[in-house]
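So the chains spell out like this:
Number of protein chains: 4
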Amino acid sequence: MPLFDPKNPDFRAIAADTFDRQPAMRTLGISIARLEPGEVELSMAYSPDFTQQNGFVHAGVITAGLDNACGIAAFTLMPPGSDILTVEFKTNLLAPAKGERFVFRATVLRPGRTLTVCEGRAYAEHDGIETLVATMTGTLMALSRREPPPSSDRVRAPA
Amino acid sequence: MPLFDPKNPDFRAIAADTFDRQPAMRTLGISIARLEPGEVELSMAYSPDFTQQNGFVHAGVITAGLDNACGIAAFTLMPPGSDILTVEFKTNLLAPAKGERFVFRATVLRPGRTLTVCEGRAYAEHDGIETLVATMTGTLMALSRREPPPSSDRVRAPA
Amino acid sequence: MPLFDPKNPDFRAIAADTFDRQPAMRTLGISIARLEPGEVELSMAYSPDFTQQNGFVHAGVITAGLDNACGIAAFTLMPPGSDILTVEFKTNLLAPAKGERFVFRATVLRPGRTLTVCEGRAYAEHDGIETLVATMTGTLMALSRREPPPSSDRVRAPA
Amino acid sequence: MPLFDPKNPDFRAIAADTFDRQPAMRTLGISIARLEPGEVELSMAYSPDFTQQNGFVHAGVITAGLDNACGIAAFTLMPPGSDILTVEFKTNLLAPAKGERFVFRATVLRPGRTLTVCEGRAYAEHDGIETLVATMTGTLMALSRREPPPSSDRVRAPA
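Protein chains in written order, with the numbering used here: chain A, 855 to 1013; chain B, 855 to 1013; chain C, 855 to 1013; chain D, 855 to 1013.
Don't read these hints as lab results, they were simulated from the structure. These numbers come from a predicted model, not from an experiment. Even glycine gets a Cβ: it sits at the ideal position worked out from N, Cα and C. Don't take each hint at face value.
Claimed, not checked - Derived coverage of chain C by chain B (criterion: at least 3 residues anywhere in the stretch with Cβ under 8 Å from a Cβ of chain B; other residues may be distant):
1) 871 to 883
2) 946 to 955
3) 961 to 971
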């Protein structure tokens, strides 16, 4: 039983299409494994191209997967004609991202007309065992496709 | 005048070497532009390979640059024989990451024996104008190179 | 020279009034020390009533001061008739909150029609010396006074 | 069945004692409702003294409850002779903190020798219904009681 009622009956096709229009996901080798209203699972194979100095997947790449899982989970609940923007996220790194495959699961904690809060978990699969390697809490913003992205009235100069 | 006294006279060579041993930085096209005790600037050229659905650089890639800038800034102040681990970070996305070049600047806010807190700012350079696109506050942990990375006694199963 | 142009010429009176209508600030002994467009300083005397087990001021109380400094700083730039809501914040605790007096300074990093991002710093004054004890990055949301606070369509049950 | 094996057989008495030695918890009217290895529930009655301008409980007070729930949850798994310090936390505010009673539940996500990561949820009870009002992810640090709290080698002047 799904946790949420999607406002857009085509949510699955539209979310998958938005995902597919992201070259970064293709470059990083991340794909959709599961897509439900307010819940998403993404999958990524290990690649030495995205590792840090100890051979683990770089925290920024893990964050890219988590952010996208959160964004797509939020997007499934938005009305037709929405675009989506990440406002902020926080990642806690719990264990080295070491494995053959990585899974990014996100669920909506609180859907809203403007802001949606999601929670993500990244797991590494190594020798058949899944280890929790990172968590994310993130805030996503719905934007009408006709509106331009919000731009600051005036951005403060760097300190 | 530098803000901090490095504990390792070779901090510059060692920080640059640690940076260079990260395949992810090479793949993302990120390089060191400036390296001082507790202060780092990294630089990245725009690449369509790392964009999201609107052609802006993906938030995860911006985060990878900020995380690495924070990590290297913290690393310049650590004693010889240290390895470094990211504990957590939070990114606020302030404007679309649109530009020809991106700059990631980080400074140490509080150096410590075990934990160091850093602040990062990401800027997009577009038509010669620099715009603040994201901020990070992150916690980094120093690890003796002989110690294994901390592993959990027991990791809780996913909820 | 102020960093920002306030949209509300009465910003000072209205921000001070909103602050004064918060019983929590009175109970915690926090008052406004300085109020400029996009910049705020709050002040709090030490009280043993708000300490943790080592006699330092509790992190939640430091966070209350930082959150309010961020909120008031954001509020000074909002148009007349706005109410304000905190979306999220992150606090890094850098040193024990030990002192006779505490100062909370916040500045707006990016003002927006809907969302404003602020940065706060908490300092402890002890024996005439000011120490940075905590930082905050927070997101604030402007709300028209006539709108009800956003309520979730359906809140997920706790995991 | 408890999720974790406590390293200290007296964890219950010691955690309750550490909680009781916090004057801030008494002032805020927060008490322990449930205490298990790695899991804590705190309870707080509504008080008008801790509200913001709309009569809801102030975000800083909700954060104080969440931070303490996380801290005590982490503390139950630490070895005898430990003291505990909050490194950082992030709070997302999901709904107005309006109710007669508030509950703060925290669980350990990843216990560690030095760092422990916890997750907290704050609920408001209003007319017999529990609403999720805030979430926290926080990092806690174990400290031997003999060690002084980590102090910075040199703290950077405010920008």
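Do the hints match the structure? See the list:
no.: 1; hint: 871 to 883; result: violated (count 0)
no.: 2; hint: 946 to 955; result: holds (count 3)
no.: 3; hint: 961 to 971; result: holds (count 3)
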